[in-house]
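Using the sequences plus the hints, can you model the full thing?
What follows is the residue order along each chain.
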Amino acid sequence: MTPQALETVVVAPFANERLREWPIGHFQRYIELVLRDEPARVLVVGTRAQRVRANALVRDFPATRVVNACGTMGWDDVVTTIDSAASVVTNNSGIGHLAAARGRWTLCVFAASHAWLEWMPRGPRVVVITRAVPCAPCEIADNPCPNAIACMDGLAPDVAFERFRRIRSGDHH
Amino acid sequence: MTLGLGKPSSPISLSWLDALPAGARDLMTFMVAQPAVAQALGGMPALNIRAKGAPAGTAPLLPHASLIAIDPDDPDRIRDALHAADAACQCILVHDVLQRIEDYRSFLAACFHKLAVGGQLIVVVPHQFLLERKLQVPSRVSPTHRRFYTPGSLLTEIEEALDPSEFRLRFLADNDLGYDYATRLDRMPSGCHDIVLCLERMARPVWSDQLANAERHATTSKGSMELPPVDAAAPVYRVIMPDHGAIARILVLKVDHRGDFLMATRAFRILRAAFPAASITLVCGPWNRAEAEALDIFDRVLGFEFFAEDASAGVRSVDMDEAAARLQALLGDASYDLAVDFRVYDDTRRLLRSVKARHRAGFDPHDRFPWLSVRLNVPAATQMGRPTHLLVPASEFQTREGERTAADIFFARGRRKGGDHLAWGPYISLRQGRYLVELLIELLPGARGKPFELLYDIVSDGATKLLGRGRFVVARGHHPQVALEADEDLAYLEWRIMAERSKRLPGFRFAGLAFTRQVSSLAVHQSEAMALLAHLLPIRLEAAFNTSETA
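Chains as they are written, first to last, in the numbering used here: chain A, 10 to 182; chain B, 121 to 671.
Think of the hints as simulated: they come from the structure by calculation, not from any bench. Note that the coordinates shown come from a computational prediction; the quantities given were computed from them, not determined experimentally. Beta carbons: idealized from backbone N, C-alpha and C, even for Gly. It cannot be assumed that every hint is accurate.
What the hints assert, rightly or not - Coverage of chain A stretches by chain B, computed from C-beta distances (three or more under 8 Å per stretch; other residues unrestricted):
| no. | region |
| --- | --- |
| 1 | 24–32 |
| 2 | 80–91 |
| 3 | 146–160 |
Next up, the structure:
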């Protein structure tokens, strides 16, 4: 398979609140599954300030399949990239809303800090996955979480990947 | 000339340099002139990694190094070659290779992990603006050059490939020794044209693994006053997924009275405009049927008696199960893509739930109908803004200073002996709203009429929320008043009345508190509320979704 034949999966692992971010290790596992099962390369997007954190995400993957694009694109470039992406994986963040609005298949791993019905990205190809926890929505922002951020740390990447894959293939069960 | 060859015992001698091909000799001359690099080059054991077929020749640059010549197009063999190489190297020199390798990240990581702690990795690549002199690939020098480098882009790849807490950069510079800047672009320039980078492998700091989570603020302390605990052992996932079904069949419920129906007309028109091709069935009171048909909005109008047409004729109790059964009988086996109940009050939601529909929509100001897929929370001022008056007698308060009678607490003239807290209570719940609280405190007959001040504070929810504190003036002829804003329902409300310590007070009587909830004007007109719901439907259903919960 030549690199040119690969689809692009955009991964946006950052958010304005750290509490809303899936752990980097979960994103790494998700990328592993993409590389294993999909003819895709992964493009990690974010700001220049987030580049060093993204380095930790991409470091263990081949540069031929996983690219750290943080800080290399303006917003217009990001829009163009999203438009051509096979799917987009995000937290509850601006890129999620962008991908949803552009009609791309979007997986949003949604922290329980916010009410999903109020804040989730909306679009015809959006899948939102969240832990149904009794403490949601907490809106504790950057304060300590008494539940050790179970809503995100306990949101298994294998489950998210599999549910997203099945829904995209038309299996909603 | 010593060329800064590091330690006297350095294996790189002048005679070794003289024996190198011209280009390689100039590069080595530059490197050994840099103390940090020269010291690194002398480390042993050493590895010299070259690319097969590179123009600099096949001879090693270091006399004491093992030479690995790799095929840049064969990542498997690169990996195998590095795997087989000596571990714990003190020096690894990667010369004229990196720009030829597609997966630079894995290659750099593999080289780095062959270093001992304290060992040095030296990377030499051609400079974009010395050798290539071109703004982007393809290379004018070699088709095997996949990328161009500046010091910045080289360092970018290094930081991407290697954990920054595990290395320190010791040297980074352009090498233009003997370079001829006058050479035209279509000619090969003479002289050195490299970037030289040298880094040292460090022991991984103990804090390195903590960096990723250092700002996530998680705490493992269990339990919280404000957040219920999570059972981490039994995760439940909620998945919200797209519903791509069309909205072709709509059922509208509007079963209340004539005025209610007329106020819904705008909402009906909005709904029809939003779903012009849909088949819309209206279920309304039989008395509104002719009016509904005259609107020319609905494909079908069905009369259904739920309320009495004339409510003034007497209260009629409604058996909800019976009414739901009658509605089901009226609709038969019909199922709908959307069923919407336009009654603002929630007493007809039971009917809506009995309808077979993929999506159900209605008002839910009290969060009672989670099964609605479209819920609109619009305050109904008549129900929710109702003023209330609540008299809480002194018997609901506690005191140590006062003397109780059946209804009141009396405080004698003088200084307080037992402390500054006069009375506290009544530990009641209070609905959200704005209150004016009258403190039923009066000077005793015969007491001097000079006004005096008392203090108060108000807390709720087990004293976790402070709602207010301050002073009020007690004077003959009127009761002091305090405004209380409850922005949410309150539980276990405590009101404390206090005197300033050691202050002499006249005798007075405390009869309790009178709470008056102010009228709320937080509402929209019924017709506007229904129009808002009608507008919400296409917005929500344009990207409709379903939810599921699974373990």
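Unmet hints by their number, sorted upward, for this structure: 2
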